[in-house]
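Put together the whole structure using the sequences plus the hints.
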Amino acid sequence: RKEVEQDPGPFNVPEGATVAFNCTYSNSASQSFFWYRQDCRKEPKLLMSVYSSGNEDGRFTAQLNRASQYISLLIRDSKLSDSATYLCVVNPRGSARQLTFGSGTQLTVLP
Amino acid sequence: NAGVMQNPRHLVRRRGQEARLRCSPMKGHSHVYWYRQLPEEGLKFMVYLQKENIIDESGMPKERFSAEFPKEGPSILRIQQVVRGDSAAYFCASSSSGQGNYGYTFGSGTRLTVV
Numbered sequence: 060r061k062e063v064e065q066d067p068g069p070f071n072v073p074e075g076a077t078v079a080f081n082c083t084y085s086n087s088a089s090q091s092f093f094w095y096r097q098d099c100r101k102e103p104k105l106l107m108s109v110y111s112s113g114n115e116d117g118r119f120t121a122q123l124n125r126a127s128q129y130i131s132l133l134i135r136d137s138k139l140s141d142s143a144t145y146l147c148v149v150n151p152r153g154s155a156r157q158l159t160f161g162s163g164t165q166l167t168v169l170p
Numbered sequence: 377n378a379g380v381m382q383n384p385r386h387l388v389r390r391r392g393q394e395a396r397l398r399c400s401p402m403k404g405h406s407h408v409y410w411y412r413q414l415p416e417e418g419l420k421f422m423v424y425l426q427k428e429n430i431i432d433e434s435g436m437p438k439e440r441f442s443a444e445f446p447k448e449g450p451s452i453l454r455i456q457q458v459v460r461g462d463s464a465a466y467f468c469a470s471s472s473s474g475q476g477n478y479g480y481t482f483g484s485g486t487r488l489t490v491v
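Chains A and B are the protein sequences, given in the same order.
The numbers in our numbering rise by one with no breaks, and the one at position 47 of the first sequence is 106.
The numbers in our numbering rise by one with no breaks, and the one at position 112 of the second sequence is 488.
Simulated from the structure, these hints should not be mistaken for laboratory data.
Just so you know, these numbers come straight off a predicted model, no measurement behind them.
A few of these clues could be false.
Here are the computed lysine-lysine pairs in the BS3-like style, where the Cα-Cα straight-line distance is at most 30 Å [what the hints assert, rightly or not]:
(1) B:K403 with A:K101
(2) B:K403 with B:K447
(3) B:K447 with A:K101
This is the structure in structure tokens:
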């Protein structure tokens with residue numbers, strides 16, 4: 060079983076749609092959780108951290124369910140510029156070593 | 377305030393040659409991490425270094441790969457006798473501490489092509 064699993068997609072949605080991505084992780088001792096965004100042939104960029112209480116940043120909402128070892132990302136009112144690959148990232152030991160990346164979920168927002 | 381700087385952006389090597397990838401961390405950062413992304417795959421951890429020390433190299437292939445982060449100058453990822461399977465994007469990230477609670481910032485990467 061992979062340490063971090065994501066549905067690879069692709070998700071093709073129209074502009075303005077709401078889309079949700081899910082991610083599961085295998086290490087119950089994991090400490091920190093993130094969503095990164097990666098554009099084609101570019102470096103991953105930190106989108107947001109994920110907290111147990113849930114957190115929101117504009118159109119983006121992230122949720123963490125420790126009991127189910129499940130992380131989600133919700134994007135509301137999708138924009139064309141949201142088209143990218145979204146990477147679920149887990150810090151399994153509470154240190155900076157070995158952030159573990161999922162393989163990513165590809166999103167295309169269509170006009 | 378420059379971010380993480382990697383060079384070269386693109387590197388082409390023939391099989392059997394050596395590849396040297398450089399990473400200059402953000403100002404004030406003393407922790408460097410190297411990741412590799414094979415085509416159509418996710419990022420895989422390779423090595424974590426602090427100045428003059430390798431802290432965790434559990435993701436490094438056993439042969440041909442080495443990394444260093446000297447007291448002065450950039451971190452270097454060195455691949456000897458490259459093979460076609462080494463073709464990938466190599467990303468470097470840095471942080472100011474060894475705690476991963478805040479994620480970290482990546483450089484633009486070096487795309488290595490082995491021909």
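So, going through the hints one by one against the coordinates:
With a CA separation close to 22 Å, the supplied pair K403 of chain B and K101 of chain A stays within the 30 Å bound. For a cut-off of 30 Å, the pair hint linking K403 of chain B to K447 of chain B stands: about 14 Å separates their Cα positions. For the suggested pair K447 of chain B and K101 of chain A, the alpha carbons sit about 29 Å apart, so the restraint of at most 30 Å is met.
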